[in-house]
Structure formats: structure tokens, C-alpha cells
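A.B. asks: With chain F fixed as given, assemble chain D onto it according to the hints.
In case you want the letters, here they are:
Number of protein chains: 2
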Amino acid sequence: MTTITSTDPRTGATIDTGIEATSDEQVATTAALAAVAFPELRRHSRQWRAGLLRALADGLEERRAELVSTALSETGLTSPRLAGELSRTVFQLRLFATAVLDGGYLEAIIDHAGETPMGPGPDVRRMLVPIGPIAVFGSSNFPFAFSVPGGDTASALAAANPVIVKAHSSHPLTSRAAFEAMRDAAATYGAPHGLLGIVYGQRAGATLVADAHVAAVGFTGSLSTGRILLDIIEARERPIPFYGELSSLNPLIVTAAAVDARAAAIAEGLYTSFTGSAGQLCTKPGIAFLPQNADWLVATLVERATDATAQPLLNERIFRSFGEIRTRLVEEGRARVLVEPRAGADGFTLTPGILEVDAIDVTEATAEEAFGPLIVLARYNSLDEVRSAMQAIPPSLTATVHSQPEEASTIAPLIEQLQEGAGRIVFDGFPTGVRVSWGQQHGGPWPATNTAHSSVGVTALRRFLRPLAWQDAPESVLPIELRDSYTGVPRRVDGILTLATTP
Amino acid sequence: MTTITSTDPRTGATIDTGIEATSDEQVATTAALAAVAFPELRRHSRQWRAGLLRALADGLEERRAELVSTALSETGLTSPRLAGELSRTVFQLRLFATAVLDGGYLEAIIDHAGETPMGPGPDVRRMLVPIGPIAVFGSSNFPFAFSVPGGDTASALAAANPVIVKAHSSHPLTSRAAFEAMRDAAATYGAPHGLLGIVYGQRAGATLVADAHVAAVGFTGSLSTGRILLDIIEARERPIPFYGELSSLNPLIVTAAAVDARAAAIAEGLYTSFTGSAGQLCTKPGIAFLPQNADWLVATLVERATDATAQPLLNERIFRSFGEIRTRLVEEGRARVLVEPRAGADGFTLTPGILEVDAIDVTEATAEEAFGPLIVLARYNSLDEVRSAMQAIPPSLTATVHSQPEEASTIAPLIEQLQEGAGRIVFDGFPTGVRVSWGQQHGGPWPATNTAHSSVGVTALRRFLRPLAWQDAPESVLPIELRDSYTGVPRRVDGILTLATTP
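Residue numbers (the numbering used here), protein chains in the order written: chain F, 1 to 503; chain D, 1001 to 1503.
For the record, the hints were derived by calculation from the structure and aren't laboratory data.
A virtual CB, placed ideally from N, CA and C, is assigned to each residue, including glycine.
It is possible that some hints are incorrect.
Said to hold, decoys possible - Looking from chain F toward chain D, a few residues come up when the C-beta cut is under 10 Å (computed):
id, residue
1, G104
2, P395
3, I415
4, I425
5, W438
6, N450
7, R462
8, R463
9, S476
10, I480
11, T487
12, P490
13, A500
Pulled out of the complex, with its shape left as it was, chain F reads as follows (with noise of 0.2 Å):
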């Protein structure tokens, strides 16, 4: 047995945590479980679960203090960005329960048997319905938003799939922590054992994506990782979606006019968005491309990132790689040091760093993703040459343009560009801080993420659903929402679309 270890990144001490590694059959039981919810699961109703999802909110309020303090000495960020977090991973399962009783996400169709150019029609309806046990690999950065207790978790529930949590190896004890207080949570509301699962250690992942009985993964992390879960899925006799979020560099553009007009707000956030969660968010600006006015803006953050006091990056691995992409952005992507990150005396912290870059300089090797608080600033002569290096940079999760009202029919032919490789594009405003909303859409082109749907957001349902269509089924047989009498959830009836009636 391999017992897990896990480290205070703020002094670099390890962490006994006493729990063991899960093995290949304990794994294969914890898949087999879940398999014997699936059916159970998808019997009870949207209200039914709804409250589920409530109830496992609650269970995380009730152990907020302990939650929070775990994933403090394990993570190393704030106690007030860990405070956030933890809301925000309430706030999101609520929120997929009211998704849940709206049943929308469903997608119900019903198109009534009759005639057709091509002869008479049979009775045809439609609807989203789950697949299957999901496997959930938690990321390093957001130890509740995206880890045990996060969205992946949150909508495969939400959409009636038993989960499997891989815990991240850089919080265990967090993750066992939030395991439990939703465990515990789904048990006093009644809900079957195989609901809800964990594995630690990096084989015990592996296994699980292997297991027939797993139906989807989610997973939050790097390239390379995901390429090594792919390859597992691909050896499998059958597929299955990987959905990956995976690496993104965030471009963010500021017209002259936009630094003309507010240079020291755009430098205040700027500086906050690179450099908050110590640079080690998704949508963290990786580049920033500044017209040739902009040398106070540029001096502004220099001068911030100089002064700055060092923060701790979550684990050694990230800290180690931070350095190594670092040393290549200078040697291969041919960037100027304006300001070097420092690391500091205790742990696995470092200050921010700053480097810069002519924009007609830009390649595949100035894109590359620093997870950390680096930015690269691209300096710029025209709207051309940004359009030019924007080809260089692959498609990430957003993508952020700061301009005047005036600027409008100037900046529309980047707009456009940008919007091809992006999944959101943010105006006047930072890419990260993700609101968790309806219509929000984490998630963009290859290598952003692999899909065409979002990890953010109610839309996050739609993962781990597929259609499933009825034709000419005795009313019995039908889901409730299906049946000609109910009108509980919106639905597209003989190609209108119709609202619910009763909520």
C-alpha cells in the first residue's frame, strides 16, 4: 500500500495524511457501485433530485470552517479566495437545482403521430437523458470549484450520473474532506450508496478511465495530462467523451485609445488579473498586447510586480515548471525580461514576473502557457500586427479586447478573429472570475478544451446527457415529462415551442 502524501506549498513540509492509495480492485468495486446507482438514480424525479443537490450544498456550509482551513495549508491561496470559492461551489449547486426543477436541459420534443409529405408519421418524442457513472478528475487550482465538490461533479449529478471523484494529488486531504461532507450529506437524504466515489493516487485514475462501467470523464488540467487519459479512452473497446479543459493563454488586446483614455484602471486590473491565485487560474491573461503608448501602463505594473511580496504556487511540480517555461519564453520565444520572478525564502513561492515581446516577434513559442504569475506584454505598432501574432496563438477560453466606443467599426475585423478562437470574449474587463450563470460558456476550440460545450455554467448539463427518442410508446412507458398531460417542463410540441405551466 502507498500511503499519500501531500505538502504545505507556503513552507514546503509534508503533509501526513494517512490515506491510501486506491487499488486496482477497490477501484473496480467503486465503478461497480456507482453502475448499481446509475438505475436508481435515474428513477427518481427532477424534485428528487433537485433536493439532492441542496442537501450536499448544505452539507458543505455545515463544514465550511473545517473545509476551508484543510485546503489553506494545502494550497497555499487565501483565506478569503478559498472563503469565495467554497460559496461559489454552493452557489453552483444551487443553482443546477433550479436548473434541474426548470428541466429545460432536458430538451424535450414531442412531434405527434400524423401526416408528412413522405406518408403518415408515428408518434416521435424526444429528450436528454443521462449516461452513466462519470469520472471526475479534480484540478490542483480550485480545490472546491473544480475538484470534489465542483461543476463536473455538480452537473453529472445534476443530470442523474453517479460520480467518481479522482482526488488531485496536491489536496488530498481536501478532497477527502469535501468527499465526506457530501457523502454523509447524500446518505441522511436517502440517496444510494454508489452515488458518490473517490480514488487517490495517479494509477488508481487511470484505472477508472479504463473501467467499462465509467461512461464520461471531465477532467480540469494540463495538455499533457489529458493526452495521457485520451490515450487510455482511445485503448478502450468502447469510446467514450473526455471532456478536457485544458490549456488556455487568454490573449487580452488594449487599443491606444483604451490606454489613452484609462491607462491606470486597465493597469490596476490587469496587474490583479495575472497576478491573482498567483497567476494559476484558467483564465489567467497569459499575453497582453500594448500599443507603443502604453510605456506608463507598462512601467505601472513593472513597478507593482517589483514591489509585489512573494505568493505560494500550489505544489513543486508547478513551481518547477513555472521556471522551465519561463527560461523558454526568453530563450525560444524570444521575450525580454522586464521584471524576474523571485522566489522566496520558504516553500514553493515566487513574486510575479513580467516579460515583453515584439509583437511581429510573436510564434507558436511565445504562446506557450506559464501557469503562474507571468505575462507576457506584445508590443504593438498597428491593429495589423496584433491580427498578424493572434495566428500564432491557439484557440483559448476567452479572449479580451479593451477600446473606445468609437473605436467600433475599427476593431470589428479583430473581434471577428478573436471570436474563432475563443469560447468567450470579454470587453473592457478581465478574463478571469468566471460567473457561474446560465448562459455562461467555459470551454473553447482544440487545445482550449476538446468539446463543444461548456465546464462553466448550467449548460455544463449537457456533458453527460444524450437523446434518447421514443417512437409510438404507450404513455406508460414514457418519461413523465414526455407525457401528453404534464407541463412541467418547457417543451417543443409539434414544432412550437411551449412554456411550463406548472412549476
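C.D. replies: For chain D alone, coordinates are given in the frame of chain F:
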């Protein structure tokens, strides 16, 4: 230059088409033209696009006689079948026009800026947008409805994506005639030149899938060809979605009570379903589970098949493969021959075949799909035997049950099991004759298809769209459908679904 030939399957006679295989350079040019057309297509309104789809439908109708007669000599399908298929194809284009005008497929969501439990949230607006040029691989068995003017083409265009079709090698002249009808109609309508392209030859198809401009592939065909295309996609620098409709056995189950109640009607329907279009339909029932009291039903099927005259298969490859699979089903699948398929005097013609097996002997070898007029009758003693045998049958597009109303609770577990392995469950009917409608679902768990989307019906649109969000965007940047004052499409605004008020 290689000249493409075609064959009349009724006689085996070679048809000189005068069409040359598309060179790599021509493929690249065609893809580049599509990429140029894409932004122009995106700029047009939904109203314009609905008009385009209707113009394409009219263009096909105008050349109905030529299209049907060309397909007749290249496919050996009957005139009524081809005429019906063309009607379906034209109807499909018009249905997509209606869906485009409706705008519900955009899944428009508006979250206004406002307070959230985590502080002030930005304005977030999201809808689905097109993804770029789509490569469509026409099928052998539907020269219209799943080929050049078929469902993939119609849904990709409806979603505002240019289309490049790889003509199926079985019907190049039909492909060219349909392409020209649509191309001319599009030109008259004023569509951009690169809206529609066509390539001929196996190599051209592979080159097309590898082309960097291509954003997704729609494919209807064999699992083996599908795998070859998937390998090309995996070797691309950036992976793209592959929407493959690959393989389907379409199990059908008849209960003893249903046999007692309506053996003659079931025999008639089942015979038509497995022999129609010479059994070359993706939803053909390939295996039918019949109880012990079905001897008269079986004898009726045997009599019909024995008396049948030979019908042409689509091409020599299908003809040869059919014979090989029949041999494997007997030798490895342990099936007994009730009616041996007999080759006709000319061309690739064949009479229907019927095999029989005990349900308890059904294995994966018995579950091989035979594309052509062949059915395996699996005789069972109890529904438990059926449920057990179903575990050897891979997921399918459809599953069908014939039962009596009083059996509802007896068959409930069977239906639950069938739902896990199918995209559409048919009650007391037959899976062939897929209705084109809003709620149709044509797709199932792997290997039926490799996606969670449909390739028939209005929701087929979803495959060629991706979500995009705008954060705090000025009104002028937003698509018209996301502007506050617009009410022409259904939208979810601040969590509340609202209907369109100005159609």
C-alpha cells in the same frame, strides 16, 4: 488522372462517368474557397439562410426526373423508393429552413449584469455559432437523403457552415447531378461561391479530412471506413469532431402475447422492414427475438423469402461482403439457414435470406451486421433469455419491442435495458422509415454512432455549432439575436425562458 467509373448493379455493366478523381491541389483549393465563404455566410441573416435552403430544395425539385433516373441506374433502388427519398430530402431542407427561422436552435441565453452571492457579475450572453467548413461523406444506400443534398449537408448549411461533399464511389453521376442542381440554385440565390464543394475519389476524401480548413466531418458508412477517417483526424495538428453513423444491428423483440394477438401483421411488417431497399438501411432489424409460439410467423417469413425475386444490392463490395458475413454467421454465429439467399442471373442481385439461432446461443459473432436482405431469428423460451442475449449485442440506433398492453410491467426491465443501448425505442412498429421531424433521434451509443447528437431531424444542427459567450459586449458587437430589444427567437433571460414574439 484517374477517371471515376460507376456500375449499374442491376446488370453489372460499367458506366463511364467522365468524372476525374479530384487531385490534392483541387481539394486544397475547394477547402480554401469554403474557408473564404464562411465569414460571408456568417454575416447573412437567418432569414437569408432560410431562403437559401428553400432555394436549394426548389433547385432539386426542378431536376427531379434527371436525379431519379440517374440514381436508378447507379443504385438499383426502385423508382418509387428514389422518388420518395428525394421528397424526403427536399422536405428536410425546408424543415431546416423553418428551424432556422424559429431560432430556438441558437440556444440564446442572456444573463444581465447583477449582484450574485459572490459579488457583482458581468453581463454574459451566449448562443451557438457555426464552426467552419464541414466535410460530408455521402453514403451508398441513400443517394439523396444521406449524400450530396442529404441531412448532413442540410444541417451544416442551416447552421451557416460551408460544405464540401465527398461523393460516394457508388453513385458519382447522381452526386454530380445533385451537386450541380444545388450549386446552380445557390448561385442564382446569390450565395458565396465556396458555399458548396464536391470531391471525388478515396484519396481526395482522405486529403479533405486532413485539410486544416475543415472544422468537422459528417460521415455515414461502415465502421471500418469510419476508423480510417478517425485515424486521419487523430493525426491532425488540431483534432476536429467526427460525427460518424457507423454500424447498427437494431434488435427487435416480439413477446408471446404479441404473437398470439397479431402474428400476421408482425410477419408482414417484419418482412418489409428487413427486405425493403434490399435490406440496405441503417435501421434494418438485423436480429429478431421470437418466442416458441412463433412457428407460424417464422413459416410465413420463410415462405415470403423463398418466393421472392432477386433485388440488386448497391455495389459489388456490399454484394461480396454480404456473402462473407452470411458465412460467418453460420459458421461462427452458430445460426441455422432457414432460407439461403440466392444470387440472381445479372448484376449484384440477391433474394432475401433468413437464419435462425437459439437465443441462448447468441454471441458477439451472431451480432454481426449484414448489410443486405438478411435477418437472424433468435428463438427464445423466456424474456430472461432475451435480456441475457442482449448483452452480446452492441448498442444500436434503434431497439424495437412488440408486446401487448397487459404486459407493461413484465417488459419494463427489458425496456430499461434496451434504452441503455439504443438511440430510439420503437413500440409495436418497425425501425425502418425514420421520420424526419423536430424530435427524431438517429444516433446511439458507440458503435451505433460516436456522438451524443442526432444525424436526422432538427437537432442534427447541433453537431455543427459551438457555444460562444460575450461578456459586457457593446450592443453593436452582439449578434442581433442577443440584443436586448430583439424578440425574434426564444431566449433564456436571467434564467427565465421567453418565447419569440416577432416570428
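A.B. asks: Work down the list of hints and note, for each, if the structure agrees.
C.D. replies: Here is what the structure says about each hint:
Interface restraint check: F/G104 against chain D, minimum CB-CB distance 6 Å, threshold 10 Å, status holds. The beta carbon of F/P395 comes within 8 Å of a beta carbon in chain D, closer than 10 Å, and the hint placing it at the interface holds. For F/I415, the suggested interface contact is upheld, since its CB lies about 6 Å from the closest CB of chain D, less than 10 Å. Hint status for F/I425: holds, given a least beta-carbon distance of 5 Å to chain D, under 10 Å.
Proximity of F/W438 to chain D holds as hinted, the smallest CB-CB distance being about 5 Å (cut-off 10 Å). With a least beta-carbon distance of about 7 Å to chain D, the hint placing F/N450 at the interface is held under the 10 Å criterion. Contact between F/R462 and chain D, as hinted, is supported at the beta carbon level, the nearest pair being about 8 Å apart and thus within 10 Å. Restraint check, F/R463 versus chain D: the minimum CB separation of about 8 Å is within 10 Å; hint holds.
This hint holds: F/S476 has a C-beta 5 Å from the nearest C-beta of chain D, less than the 10 Å allowed. Given hint, F/I480 at the interface with chain D, is violated; its Cβ is 15 Å from that chain's nearest Cβ, farther than 10 Å. Look at F/T487: its Cβ only gets to about 13 Å from chain D, farther than 10 Å, so that hint breaks. Checking F/P490 against chain D: minimum C-beta separation of about 5 Å stays under 10 Å; hint holds.
Checking F/A500 against chain D: minimum C-beta separation of about 8 Å stays under 10 Å; hint holds.
This entry does not satisfy hints 10, 11, going by the numbered hints stated previously.
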